[in-house]
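Trainee: Sequence lines, in order, name chains U and V. Going by numbering that gives the first Met the number 0, the first residue of the first sequence is number 0, and it counts up by one from there. Going by numbering that gives the first Met the number 0, the first residue of the second sequence is number 0, and it counts up by one from there.
Take the hints with a grain of salt, since some may be wrong.
Calculated pairs, BS3-like style, for lysine-lysine (alpha carbon to alpha carbon, straight line, at most 25 angstroms) [to be verified]: (1) K96/U x K530/U; (2) K485/U x K436/U; (3) K42/V x K436/U; (4) K153/V x K184/U; (5) K36/U x K304/U; (6) K184/U x K42/V; (7) K114/V x K155/V; (8) K420/U x K114/V; (9) K73/U x K66/V; (10) K185/V x K436/U; (11) K198/U x K207/V; (12) K420/U x K185/V; (13) K207/V x K412/U; (14) K155/V x K420/U; (15) K412/U x K42/V; (16) K66/V x K42/V; (17) K530/U x K412/U; (18) K420/U x K153/V; (19) K273/U x K223/U; (20) K55/V x K436/U; (21) K230/U x K598/U; (22) K198/U x K208/V; (23) K42/V x K474/U; (24) K185/V x K412/U; (25) K55/V x K420/U; (26) K73/U x K155/V; (27) K55/V x K184/U; (28) K155/V x K436/U; (29) K244/U x K223/U; (30) K141/V x K412/U; (31) K42/V x K304/U.
Covered by chain V, according to a simulated footprint, are these stretches of chain U (three or more residues, beta-carbon under 8 angstroms) [what the hints assert, rightly or not]: (32) 64-71; (33) 146-155; (34) 181-187; (35) 369-379; (36) 410-418.
Hint data in this document are derived by calculation from the structure and do not stem from the laboratory. Being a predicted model, the structure only gives us computed values, none of them experimental. Built from N, CA and C at the ideal position, the CB exists for glycine as well.
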Amino acid sequence: MSVISPKQKHREYDVVIVGSGAGGGQMAYTLTMEGIKVLVLEAGRMFDPVAETAMFHTWDKAPLRGVATPDKQKDFYDASIESGWEIPGEPYTNASKDKLRQFVWWRQRMMGGRTNHWGRVSLRNGPYDFKTHSRQGIGFDWPISYDDLAPWYDKAEMLVGIFGDSEGIENSPDSSPGVLLPPPKFRAGELLARERTRKLGVSVVPVHRAVLTRQQDAQRIPGKLHPRNKKAQRLLAANMRLRLKCFFATACHRGCSIKAAFDSTSVYLTPALKTGNLHILPNAMAREVTLDKAGKASGVTFIDKTTGAEHHASGRVIVLAAGSQESVRLLLNSTSTQFPDGLANSSGKVGKYLTDSVASRVSGQIPALEALPLHNEDGVVGQQAYMPWWLAGQQHALDFPGGYKTLLVSGRKMPNLNIGKSFDRVSGGDGIPFGRKLKEDARRYHGSFQSIGAQGAMAANDDCFCELDPEVKDKWGIPVLRFHWKWSDDELRQVSHQQQAMTEMLEAMGGRFFRASYVDEPEKAISQGGKIIHEVGGAIMGDNPGKSVTNQWGQTWDVPNLILGDGATFPGTADKNPTLTIMALAYRAADHLAGELKKGNL
Amino acid sequence: MPRINRRVALQWISSATIAIPLLEREAPAAEKSGLRPPSVVAKGYGPDPDLIRIYKPGDLWPLTFTKDQRRLMIVLCDIIMPADESSPSASSLGVHDFVDEWISSPYPAQAGDRKILLEGMDLLDEKGVRRGKPNFVSLAAKDQLVICEDLARKAKADPGRFPGSFFYRLRNLVAGGYYTTPVGMKDIGYIGNVPQAEWNGPPAEVLKKLNLPAQ
Numbered sequence: 000m001s002v003i004s005p006k007q008k009h010r011e012y013d014v015v016i017v018g019s020g021a022g023g024g025q026m027a028y029t030l031t032m033e034g035i036k037v038l039v040l041e042a043g044r045m046f047d048p049v050a051e052t053a054m055f056h057t058w059d060k061a062p063l064r065g066v067a068t069p070d071k072q073k074d075f076y077d078a079s080i081e082s083g084w085e086i087p088g089e090p091y092t093n094a095s096k097d098k099l100r101q102f103v104w105w106r107q108r109m110m111g112g113r114t115n116h117w118g119r120v121s122l123r124n125g126p127y128d129f130k131t132h133s134r135q136g137i138g139f140d141w142p143i144s145y146d147d148l149a150p151w152y153d154k155a156e157m158l159v160g161i162f163g164d165s166e167g168i169e170n171s172p173d174s175s176p177g178v179l180l181p182p183p184k185f186r187a188g189e190l191l192a193r194e195r196t197r198k199l200g201v202s203v204v205p206v207h208r209a210v211l212t213r214q215q216d217a218q219r220i221p222g223k224l225h226p227r228n229k230k231a232q233r234l235l236a237a238n239m240r241l242r243l244k245c246f247f248a249t250a251c252h253r254g255c256s257i258k259a260a261f262d263s264t265s266v267y268l269t270p271a272l273k274t275g276n277l278h279i280l281p282n283a284m285a286r287e288v289t290l291d292k293a294g295k296a297s298g299v300t301f302i303d304k305t306t307g308a309e310h311h312a313s314g315r316v317i318v319l320a321a322g323s324q325e326s327v328r329l330l331l332n333s334t335s336t337q338f339p340d341g342l343a344n345s346s347g348k349v350g351k352y353l354t355d356s357v358a359s360r361v362s363g364q365i366p367a368l369e370a371l372p373l374h375n376e377d378g379v380v381g382q383q384a385y386m387p388w389w390l391a392g393q394q395h396a397l398d399f400p401g402g403y404k405t406l407l408v409s410g411r412k413m414p415n416l417n418i419g420k421s422f423d424r425v426s427g428g429d430g431i432p433f434g435r436k437l438k439e440d441a442r443r444y445h446g447s448f449q450s451i452g453a454q455g456a457m458a459a460n461d462d463c464f465c466e467l468d469p470e471v472k473d474k475w476g477i478p479v480l481r482f483h484w485k486w487s488d489d490e491l492r493q494v495s496h497q498q499q500a501m502t503e504m505l506e507a508m509g510g511r512f513f514r515a516s517y518v519d520e521p522e523k524a525i526s527q528g529g530k531i532i533h534e535v536g537g538a539i540m541g542d543n544p545g546k547s548v549t550n551q552w553g554q555t556w557d558v559p560n561l562i563l564g565d566g567a568t569f570p571g572t573a574d575k576n577p578t579l580t581i582m583a584l585a586y587r588a589a590d591h592l593a594g595e596l597k598k599g600n601l
Numbered sequence: 000m001p002r003i004n005r006r007v008a009l010q011w012i013s014s015a016t017i018a019i020p021l022l023e024r025e026a027p028a029a030e031k032s033g034l035r036p037p038s039v040v041a042k043g044y045g046p047d048p049d050l051i052r053i054y055k056p057g058d059l060w061p062l063t064f065t066k067d068q069r070r071l072m073i074v075l076c077d078i079i080m081p082a083d084e085s086s087p088s089a090s091s092l093g094v095h096d097f098v099d100e101w102i103s104s105p106y107p108a109q110a111g112d113r114k115i116l117l118e119g120m121d122l123l124d125e126k127g128v129r130r131g132k133p134n135f136v137s138l139a140a141k142d143q144l145v146i147c148e149d150l151a152r153k154a155k156a157d158p159g160r161f162p163g164s165f166f167y168r169l170r171n172l173v174a175g176g177y178y179t180t181p182v183g184m185k186d187i188g189y190i191g192n193v194p195q196a197e198w199n200g201p202p203a204e205v206l207k208k209l210n211l212p213a214q
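Just chain V, with the same shape it has in the complex (with noise of 0.2 angstroms):
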């Protein structure tokens, strides 16, 4: 799997960075500068996978992050997704590796976004760069809270719209990766999916909540 070497992605930051609103509408003339990130070649799991094997992120297809872009993950998870009273961090669950292996698909409804994930990544060194800091990890935690703030204000007002479109896919993979874990499920109150010898509907508790009769 071919990688961008750093070069290459800062200059192609700096014209991106410019020409992002743009971006989208233009993206034949972006390829054709040869500056955008590499597609996937790789195949799919084919028709008639094996449903018992457990799969890991880089089983079936090559992985697409570089050492810093996996760092740069690992902090956007965990802004996403930190650690609080009740449950752990996103990264320590993997779910920086899951982005990876979302972006490294090889079918066609995640081309999108890798393109807007590798870019809007790209994106976050940059403003790093602007504030004077070789890339967006190097930041202070609250220098990049504001920065994903003002992206999430962007998400909310036009999710389809780079970068607002970036940090909206991002926090959807991130938030959906971590709550489809065992851990998470957890957090998130679902608390099923082991067997019962019986099922007795909602106890008593939940039912005098709603003010319902028992069944």
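Chain U extracted, bound-state conformation (with noise of 0.2 angstroms):
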């Protein structure tokens, strides 16, 4: 089985999956490694990893130093196709024209989704991170604990590939001992900023990310990923022998030809095609989930975009895995008269409680840091440590529910077009520097300056959602999403306390500022809504068919032979980063699937 053509599509699959993402593609792969017939529709056209990634190329290389343009919108080399925050013919919009009421939101269509251009920061949800309402009487409890899925955290962590290390801090859990792969080795910055913020009650500490620091045991995790299933054991060493340890240069978001950073491609989709058992249809755009007599999902209505040929794709069970709000989009465009605003929303529950991180970033220059002994400072590029929430245990005392980390990465990173201005700050002198004392200036300032970024959690609420736009439709004729967003006073003060931190963070590292914190003007420093590309919800799992849209393995209340297989079902969102949680919970729903599939129950 193979990359196919919508004229070669088989008459049913078991399941199709919409999205190759990391939802998409973990189902993808579990699905096909216990012999079942599964058929992934992605949006965009296949992408190769190995043969499209320019992972050595300085900026010199690319059209206007590579910058972002209206074409490729983080910059040139990310790895990112015909994807970005605006898509021509794509629109969606949002209810407010006020810009701190509005959404951004970023579509990534090629195969293996955003997880090409992914940051890789891995961390599990803690324990108190399922419980939001029972713990501080807002948003929802998850409809399972962290006990449940921790035996799935520590599955997804060996498959993928994770590093980072067991610190014992109170909800920042731990992984299984042997899951984890060694950390890297901190860079100056970052171990200054350890020793100078001890007094803070921080701690410096690795970060976890899905980078292999050496290669995965290819003896021994296949078996304990898949017990008593010779073909997937052979398979997935095969394919772990593929991947080569970080070489310790290139940033991942450009993508990893050497397969050392995680992507869906790589990992998920390349092992589950040798199977036999997978077919992939790219460039294939859902537009529709479709009912039979029954009330069961039988299948998908795609448009081949290479052609504009609408077509149907069948399968015993769906898989919505399109990112969660594309997801959520399908549901609400999924009309019948059985459910006449939209698939699976008899809780009238679709596209409600849509959540973000809660992000701010300080900066200032660190003198300590100024022309240290010339070094490369590569490491893994990016994120090598974090501060994980330190104050867990005194949250009653704070006014605001829920932590938020912050990360750093420090060092002389290969400089970018705007290198140029960033050392007037910090430049004598009664003009901008330039001529001699400009490159002077470059020589001693360079990797001096260091910033610190929080990402927090966002409890659920009712100003955060979407639906569909009654006018706006999009190339293909299909309803776009309309956003509404507001955050709330909780988001708002979590950003002060932040700003405030941070600060006195880069204080105590010695720092000296260019501009004061927003610690009193949180809504100038918040990251606006969707940008840290975290969005959850929209079709929330939970135990009250009335109050949730899935049970706890995605399964829609009304029509279970409909599965969310990504964000859309997060009750809420934590302070660690969304992409592990959806492939922990990915697994687990793609295990409980194949069980029912296995005895018959769908």
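From the two separate chains plus the hints, produce the assembled complex.
Mentor: Next comes the structure, spelled out in structure tokens:
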């Protein structure tokens, strides 16, 4: 089985999955390894991270020194094609004209989805993060506890390959022994942060990231992940041997042609194709989930973007993993006499409870880091160190619920076009520096600027949701989403705390600042909704069919053979990045689904 | 790609030098006069470009500079990033061609730089004319430097106001263009982007300087 065109698709599959990213890829992997026939529909084209990734190209090899343009909206070498905040012909709308009440939406139209350019930070939700309502009186509890998901985190981490350490920090869980790969050494600035911020009660510890700091153990892990399944063990072991350890150069968001950094195509879809149980159909833009007469999901109508023709793919089970809001849009656009307000929406909750990371940043300059002896500071390029939420035990004494983590990347990084103006703030003189002075300033100060970013928890609320825009349609005539967004006082108070704390951290490092932090004006510091690309929710899981859309396995209450396999089911955002939890939930959901299919329950 | 002929350009300069403080605010009127630099009509590289290909200025869209403008930009590049004991000048790394590529870009974000840079370059030539020379390039190096130092002060005072905005943006592009080359990266102290078998963290002398214990 292989990559196919619409004509080559079979009459019916066991499972049709919409989307090929973290959720869809993990589901496809687990199901095909269990012998289940799967079709993956992906709206974008095939993308080969081995052949198409410009890992070592310096910026002078790119148009415009690689700066973002409307065609490449992160940067030229970012592993995103046909993707971005604004895609021609594929609009979305916001109900409010006020920027603070608008949501921005990154769409990634390519095989592997957003895993291609993902930062690879892979943190587990902690026990408290599943009990938001019980602990804080806001948002929702998840229908599962940390203990329910912990074994699936272990499995996902072993499959994906994640480095990190065990720290024993409250609500920032450790992995089981032998699961994580060794973390990379810290850079000089990260060591300085660790030493100097200790007095603030902050621990600077290795972050967890989906990067192989050594090759995966192809002898041991396949047997652990696929007991009694020799074929799966063989295929996984072979794929693990194709992945090399990180060579400590080049940014993961460009993609990784040696497969040291995880992406869905390299880690999930490649071995899944080798099972013979997977068809992948690229350029297939899903329009609607269809129902049979009994009210069960029967398939997916999609548009072949290469021809514009509409087709239908049939499956016994339909999985939506198109990226949380795209999956929500599919539900809302799948109307019938049984579900006039959108599929699986008898609760009226489809589209509700959209959440995102609560983020802000503080930057300064650290004199101690000036003119350090030259050395290579690439490391694993990007995040190596972070500060897990350090006040989980004192949450009751704070004026906001939920915590946040902070992350820092220090050192002399590969300069980009913005470097030219970055020394103005530290350079003396009555004019902007140029000439010999600029060259001297640059040598002295490059690598001494330090930024710390925070990403925090957001409980679901009634003000953040999406619905179908009553008028606007995309270029295929499919109605588009309209977003509603409003930061609550909880999030704004959290950002004030972030600003204060990050300022104190930089001060502890001896930092100097070029503008006041936004402690008293959090709305100026907070990242716009969606900007962090951590959006989740819209079809949340729960244990009450009247108040949620799916059960704990992502099965919709209304249509049991329709499953949400992406972040749409999150009942809230933790202070952890969502992707690892998407993977662990998808792993668990696929395992459950395989069991149900084998029992004949679906 | 149409180019402004010299007579029109000089007319435009002489009116522009008087009207400069108002230029940004009075853009529509200036547009009507027909003396603005022509806008770019080329296409971008599209949402699915070849990421592996090595691109050079002029590969994707036509460049703008006349021979004289290019000569001027070479001089400006080397005033902003001159050769010194440890590294070569910006023009020797082709940064002037990058500036041309930038102002010739079909994307909206660069349109403002196109206007301001071409206007600023004309202003510099006008300053040369006022000093009895045919253009800026013909001025003595020390006179060129005095003009740039004055612009650098204006840029620091208000980087959004012409002609300080011209020098601010030019400096950003030339310095950024310089440090994004392999030679520039090395000069600024970035010695990564090479595969390594292991990553061992900072060397002992760095930790010692920071008074930090070994990892």
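Trainee: Compare the structure with each hint and give your call.
Mentor: Verification of the supplied hints:
no. : hint            : verdict
1   : K96/U x K530/U  : holds (17 angstroms)
2   : K485/U x K436/U : violated (47 angstroms)
3   : K42/V x K436/U  : violated (38 angstroms)
4   : K153/V x K184/U : violated (45 angstroms)
5   : K36/U x K304/U  : holds (24 angstroms)
6   : K184/U x K42/V  : violated (45 angstroms)
7   : K114/V x K155/V : holds (20 angstroms)
8   : K420/U x K114/V : holds (20 angstroms)
9   : K73/U x K66/V   : violated (34 angstroms)
10  : K185/V x K436/U : holds (17 angstroms)
11  : K198/U x K207/V : holds (21 angstroms)
12  : K420/U x K185/V : holds (18 angstroms)
13  : K207/V x K412/U : holds (21 angstroms)
14  : K155/V x K420/U : holds (11 angstroms)
15  : K412/U x K42/V  : violated (32 angstroms)
16  : K66/V x K42/V   : holds (24 angstroms)
17  : K530/U x K412/U : holds (23 angstroms)
18  : K420/U x K153/V : holds (15 angstroms)
19  : K273/U x K223/U : holds (20 angstroms)
20  : K55/V x K436/U  : violated (29 angstroms)
21  : K230/U x K598/U : holds (21 angstroms)
22  : K198/U x K208/V : holds (21 angstroms)
23  : K42/V x K474/U  : holds (21 angstroms)
24  : K185/V x K412/U : holds (11 angstroms)
25  : K55/V x K420/U  : holds (24 angstroms)
26  : K73/U x K155/V  : violated (29 angstroms)
27  : K55/V x K184/U  : violated (37 angstroms)
28  : K155/V x K436/U : holds (15 angstroms)
29  : K244/U x K223/U : holds (21 angstroms)
30  : K141/V x K412/U : violated (35 angstroms)
31  : K42/V x K304/U  : holds (23 angstroms)
32  : 64-71           : holds (count 7)
33  : 146-155         : violated (count 0)
34  : 181-187         : holds (count 5)
35  : 369-379         : holds (count 9)
36  : 410-418         : holds (count 8)
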